[in-house]
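So for the sequence shown, the numbering used here puts the first residue at 531; every next one is plus one.
No lab work stands behind these hints, which were simulated from the structure alone. Incorrect hints may have been included.
[As the list claims (entries may be wrong)] Calculated cross-link-like contacts (lysine to aspartate or glutamate; reagent style EDC-like; alpha-carbon spacing at most 20 Å):
no. : residue 1 : residue 2
1   : 635       : 780
2   : 743       : 767
3   : 743       : 574
4   : 672       : 827
5   : 635       : 787
6   : 695       : 780
7   : 695       : 767
8   : 801       : 817
9   : 801       : 814
10  : 635       : 664
11  : 810       : 767
12  : 695       : 827
13  : 810       : 679
14  : 672       : 767
15  : 695       : 817
16  : 810       : 800
17  : 635       : 613
18  : 695       : 679
19  : 672       : 780
20  : 729       : 603
21  : 695       : 809
22  : 672       : 574
23  : 695       : 787
24  : 672       : 702
25  : 729       : 702
26  : 729       : 767
27  : 713       : 723
28  : 801       : 833
29  : 635       : 679
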Amino acid sequence: MAGRVGQLFDSNEDYLLTIDRAHIMTEAVSHHYCRSVIWFSPCEHVSIRLSIATPFRRASNTGLGPLDRLPLELLHGVLLRLDMHSLFNFRQTNLRSRQTVDSLKQYQVVVSHGLNLLCALLRTRLAIGVSLFDFYYALCTKACTLCGEFGGFLSLLTWNRCCFKCLQGALETQGQILAAVQKQFHWTKAELDQLRSFKTLPGIYSMKESAQKSRITVVSVHQAILAQPANSGRNQEFNFMGSCALPYYDRRTGRVEHGMSCAGCQLALEKDIIGSRGEKWAFEARDKVYAQNGFLEHFRWCEQAQLLWRSSGEGCSERRLLQQ
531 MAGRVGQLFD SNEDYLLTID RAHIMTEAVS HHYCRSVIWF SPCEHVSIRL SIATPFRRAS
591 NTGLGPLDRL PLELLHGVLL RLDMHSLFNF RQTNLRSRQT VDSLKQYQVV VSHGLNLLCA
651 LLRTRLAIGV SLFDFYYALC TKACTLCGEF GGFLSLLTWN RCCFKCLQGA LETQGQILAA
711 VQKQFHWTKA ELDQLRSFKT LPGIYSMKES AQKSRITVVS VHQAILAQPA NSGRNQEFNF
771 MGSCALPYYD RRTGRVEHGM SCAGCQLALE KDIIGSRGEK WAFEARDKVY AQNGFLEHFR
831 WCEQAQLLWR SSGEGCSERR LLQQ
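Kindly generate the complete structure, drawing on both the sequences and the hints.
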């Protein structure tokens, strides 16, 4: 039990599940909370999902010009290193270019499992700085680059995987309004242009569910300074405005893991079973995002998750809802 958050509220029972029941349990007592960051409704992807990943079935009558002289392996290598904005433009050139891009496994993985992030890149105009290889590598990275825990999010400002805790508090993920950085450091426009920046998207951000309607230019605090004074002030909403949830793709198995949070811990916080005194660990328990193995280990000792599992008839009520 050493090292777990909130040990005083642990279950006295080491709850073990068979492998065939584990998946049903995670569906019943976990939730995917990704609306605190850049998020798009799945219905927005319906109209583009097929067109963005499926080549036309008719034969191509045109070629790729001088690129046709390249060996296929070399051509694929070039496309892997092309930024996502240029890759999209190339794909739209003609039928042959579309077929060539669609034949790349890395492209298919990206548009199948990273569509939210891809839309965020295109709409913030950051796609010109991220190659197909960069995107695919990020999908295939599981751990937070800052602490090693499961990284269910990706910071657009640093292009690094991060966990929810590091997204909230690590200096490397901090964002700030461009005008505020200019005012604080008295930098010239040329100096400010060296910073990675983007215009935020309207939406609901952070655990406070703050609404952002206008688009503002945000830059990386970590890139602007190596050590920020503790009293300079930070607005965590900018961290969320510059981040997106991203599943993990296992190249070996082809399995995809979406980070999951504990619905039991969420319920315990809402009912003041934990966190009634504003304890930091209680909110960290609610916000923590797990990979499946990590969630199964958490469930073994989380009393509220176990109660939620039993109250669902060990998944039976969840299945009935799905069948309706």
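Okay, the hints, checked on the actual structure:
no. : hint         : verdict
1   : 635 with 780 : holds, 13 Å
2   : 743 with 767 : holds, 13 Å
3   : 743 with 574 : holds, 19 Å
4   : 672 with 827 : holds, 17 Å
5   : 635 with 787 : holds, 18 Å
6   : 695 with 780 : violated, 23 Å
7   : 695 with 767 : holds, 14 Å
8   : 801 with 817 : holds, 16 Å
9   : 801 with 814 : holds, 16 Å
10  : 635 with 664 : holds, 14 Å
11  : 810 with 767 : holds, 18 Å
12  : 695 with 827 : holds, 19 Å
13  : 810 with 679 : holds, 18 Å
14  : 672 with 767 : violated, 24 Å
15  : 695 with 817 : holds, 8 Å
16  : 810 with 800 : holds, 15 Å
17  : 635 with 613 : holds, 16 Å
18  : 695 with 679 : holds, 10 Å
19  : 672 with 780 : holds, 9 Å
20  : 729 with 603 : violated, 37 Å
21  : 695 with 809 : holds, 15 Å
22  : 672 with 574 : violated, 27 Å
23  : 695 with 787 : holds, 19 Å
24  : 672 with 702 : holds, 18 Å
25  : 729 with 702 : holds, 19 Å
26  : 729 with 767 : holds, 14 Å
27  : 713 with 723 : holds, 15 Å
28  : 801 with 833 : holds, 14 Å
29  : 635 with 679 : violated, 27 Å
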